[in-house]
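Asker: Residues per chain, in single letters:
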Amino acid sequence: MFTETSMATAEAAPRNEPAPTLLRVENLRTVFEKDDGLVHAVNDVSFDVRRGEVLAIVGESGSGKSITAMSLLRLIPSPPGQIIGGQVLFDGQDLLDLSDDAIRQIRGRDISMIFQEPMTSLNPSLRIGRQLAEPLRVHGSVPKGKVRERCLELLRQVRIGDPEKRLDAYPHELSGGMRQRVMIAMGLACLPRLIIADEPTTALDVTVQAQILELLRDITRANQSSMMLITHDLGVVARYADRINVMYAGRIVERGTAHDIFHRPRHPYTVGLMASMPRLDDAIGNRLTPIPGSPPDLSDPPSGCPFHPRCRFAQPRCKQERPPLERLDEEHWKACWVNLDDTH
Amino acid sequence: MSLSIQPPAAATPATPPRRRNRPKALHFPRRLCKERPLGALGAMICLVLLLTGLFADVIAPEGFNAINPIERLKAPSAEHWLGTDQLGRDVFARIVHGAQLSVIVAFAATTLSIVISALLGILSGYFGGRLDMIIQRLVDGWMCFPDLILLIVAVAVLGPGTWQVILILGLLFGISGSRIVRGAVLSAKQNVYVHAAQSMGASSTRILLKHILPNVMAPLIVLYTTRLAAVILAESGLSFLGLGIPPPEPSWGGMLSLDGRSYMFQAPWLAIAPGIALTVAVFGINMFGDALRDLLDPRMRGGGGRYLARVKRTIGS
Chain A
10 MFTETSMATA EAAPRNEPAP TLLRVENLRT VFEKDDGLVH AVNDVSFDVR RGEVLAIVGE
70 SGSGKSITAM SLLRLIPSPP GQIIGGQVLF DGQDLLDLSD DAIRQIRGRD ISMIFQEPMT
130 SLNPSLRIGR QLAEPLRVHG SVPKGKVRER CLELLRQVRI GDPEKRLDAY PHELSGGMRQ
190 RVMIAMGLAC LPRLIIADEP TTALDVTVQA QILELLRDIT RANQSSMMLI THDLGVVARY
250 ADRINVMYAG RIVERGTAHD IFHRPRHPYT VGLMASMPRL DDAIGNRLTP IPGSPPDLSD
310 PPSGCPFHPR CRFAQPRCKQ ERPPLERLDE EHWKACWVNL DDTH
Chain B
302 MSLSIQPPAA ATPATPPRRR NRPKALHFPR RLCKERPLGA LGAMICLVLL LTGLFADVIA
362 PEGFNAINPI ERLKAPSAEH WLGTDQLGRD VFARIVHGAQ LSVIVAFAAT TLSIVISALL
422 GILSGYFGGR LDMIIQRLVD GWMCFPDLIL LIVAVAVLGP GTWQVILILG LLFGISGSRI
482 VRGAVLSAKQ NVYVHAAQSM GASSTRILLK HILPNVMAPL IVLYTTRLAA VILAESGLSF
542 LGLGIPPPEP SWGGMLSLDG RSYMFQAPWL AIAPGIALTV AVFGINMFGD ALRDLLDPRM
602 RGGGGRYLAR VKRTIGS
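Same order as they appear, the protein sequences are chains A and B.
Counting from 10, one number per residue, gives the positions in the first sequence under the working numbering.
Counting from 302, one number per residue, gives the positions in the second sequence under the working numbering.
Pulled out of the complex, with its shape left as it was, chain A reads as follows (with noise of 0.2 Å):
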């Protein structure tokens, strides 16, 4: 357990026998179509999520981390975007070929978002009780004499002050830490199973970002809910998530637990992050180290590893051939050619 002034380390405690998984992702592949071809925001996604666990995505803008969770529950606008293969099993339900009915279903009960701008994901012209109580009265979890009670309820979960009053403002009378509270409520009304948060605390201060973060993960766990954490924020990685995914292009390149991925990292990328990132045990005076180069062009990736162009270990095979995801032990996986050990 973490206490409020801990550092930025990452949970070293290891698990010896792995929760059941509530989401498992197969070979999701999502495209957009441009005026000059297509773009792979996701390709060849595969991973899982456990029952209880946070599990973070870490990546570039425009790595495919948030096109990848809002696949998952076929949020994607159609057209331009559409998922043009492989599966996403909740409970053993493939939510691809649920029908559209059945999918609405899912979204707000099992499975809930919580968006990356508290600014603009409220509407501007209803009351906050009204917009919290919409999830309740979609599904219709509480019986309807009920709701205000539950929202109530919610607001005060959230730990906002003076909840009756909340109800009845509009949201630009609530500061911004306060509305990305009322989202979260509004995410945790069904009480999902599953709740992916999409950069939840990008557009607040770095104060209210620890006590938003604290409270999702309070409330995940005293609810026993699964979190997708997507993130390109390091910090919030290493201090809530249990395992990471990091990725790059499109792609999953490096996965594992949260210590292999700060302490162990094996994927050019990762590594890479790692050294862009600023330290609390740097030496004064060190100076960050960036990765050459930008991001690839996703319409027209370039051959074998996406990341060869920018990767200072990149070998011949790498332009040719792509690496496929590899384990390399029980929770660490990589792709990548190259051997790099802790020495790099």
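It should be emphasised that the hints constitute simulated quantities derived from the structure, not laboratory data.
Misleading hints may appear alongside valid ones.
[Claimed, not checked] Partial selection, computed: residues in chain A whose CB lies under 10 Å from chain B: (1) MET79; (2) LEU82; (3) LEU84; (4) PRO86; (5) GLN125; (6) MET128; (7) THR129; (8) LEU135; (9) PRO144; (10) ARG146; (11) VAL147; (12) MET192; (13) GLY196.
[As the list claims (entries may be wrong)] With a straight-line Cα cutoff of 20 Å, these simulated EDC-like cross-link-like pairs (lysine to aspartate or glutamate) come out: (14) A/LYS155 <-> A/ASP177; (15) A/LYS174 <-> A/GLU162; (16) B/LYS490 <-> A/GLU126; (17) A/LYS155 <-> A/ASP171; (18) B/LYS490 <-> A/ASP109; (19) A/LYS155 <-> A/GLU173.
The beta-carbon is built from N, C-alpha and C at its ideal position, and this holds for glycine as well.
Got chain A; can you put chain B on it based on the hints?
Answerer: Structure of chain B alone, referenced to chain A:
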């Protein structure tokens, strides 16, 4: 970790709550007068117009069609407040009854046009894709024709009359207005909260009614009020051309053309009275519409007060 942690500081209210103890019914008129005085004036004008229309028979009981050749083309006097026309009919009575006609035509045609606009615009904007393409090409085709040509053809086909005018104007304004609604829907659809509602499992109908419609209300209100004024003007224009409401019905436009234009020099009041009536009505509706838009849209709340405060400061200094 348990949930019984004391609430963090950010959860306490940051701003003192706004007082809301005034009676609700009086809240809006008070804000109107305070923040948008011109809008209040517009509301007064609209109210007068509406009441005049409703109680035309009470205000001018002797009727707008009482022909009296002996009294023809009399200047305004105590007996005939606005004079008489070439048939000796009381101009004041005709203006009052004309208001009735204008009100009926304006509200009916505008309501029809808004319903058409909203329906087409929402279908087109929200569902998009092929449906959008088809609807928009039809609208394009419709808008290729000058309004006046469409009106003349429509009148030629349907014949003149009050209901025909309502139908034609409703259709005409409705179809062109659908573009505005479509645009508003398109931008409302992009809002994250629409995606959020989808991610919560809300159905299309629910999203349309709860999230899209309230956000296109502001443009719809503006559209409604500007259309209201435009319809009054268009009806007058049609009647002026002899395509609108046929005499002897006292349409303001018809009065301007048939009587006003012919006797402009002998009896200028024949043109001045309906002209002023039209101008005032259109001005009032527009002002009221603007104020409504500003006050009803929660996103613009408070703006008026600040604006007025600035004006007051400028005047004061």
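Asker: A/GLN125 was flagged as interface toward chain B. Is the shortest Cβ-Cβ separation under 10 Å?
Answerer: Result: holds, 8 Å to nearest chain B Cβ.
Asker: For the hint on A/PRO86, does the least C-beta distance to chain B fall short of 10 Å?
Answerer: Nearest chain B Cβ about 9 Å off; hint holds.
Asker: Taken at face value, is the distance from the CA of A/GLU162 to the CA of A/LYS174 at most 20 Å?
Answerer: At roughly 13 Å apart (the allowed maximum being 20 Å), A/GLU162 and A/LYS174 satisfy the hint.
Asker: Would the hint on A/VAL147 stand, with a C-beta cut-off of 10 Å toward chain B?
Answerer: Constraint on A/VAL147 satisfied, holds at 5 Å.
Asker: Please verify whether B/LYS490 and A/GLU126 have alpha carbons no more than 20 Å apart.
Answerer: holds (16 Å)
Asker: Is the straight-line distance between the alpha-carbon of B/LYS490 and that of A/ASP109 20 Å or less?
Answerer: The given pair, whose Cα atoms are some 19 Å apart, holds under the 20 Å limit.
Asker: Grab the minimum C-beta distance from A/GLY196 to chain B and call the hint holds if it beats 10 Å, violated otherwise.
Answerer: holds (8 Å)
Asker: Measure nothing beyond the straight line between the CA atoms of A/LYS155 and A/ASP177; if it is 20 Å or shorter, mark the hint as holding.
Answerer: With a Cα-Cα distance of about 16 Å, the restraint between A/LYS155 and A/ASP177 holds, given a limit of 20 Å.
Asker: Taking 10 Å as the limit, does the beta-carbon of A/LEU82 come near enough to a beta-carbon in chain B?
Answerer: holds (6 Å)
Asker: So, A/MET79 near chain B? Judge it on the closest CB pair being under 10 Å.
Answerer: holds (8 Å)
Asker: If you draw a straight line from the CA of A/LYS155 to the CA of A/GLU173, is it 20 Å or shorter?
Answerer: holds (14 Å)
Asker: Checking hints one by one. Is A/PRO144 an interface residue toward chain B, by the C-beta closer than 10 Å rule?
Answerer: Because about 4 Å separates A/PRO144 from the closest Cβ in chain B, which is inside the 10 Å limit, the hint holds.
Every hint, counting from the list given before, is met by this structure.
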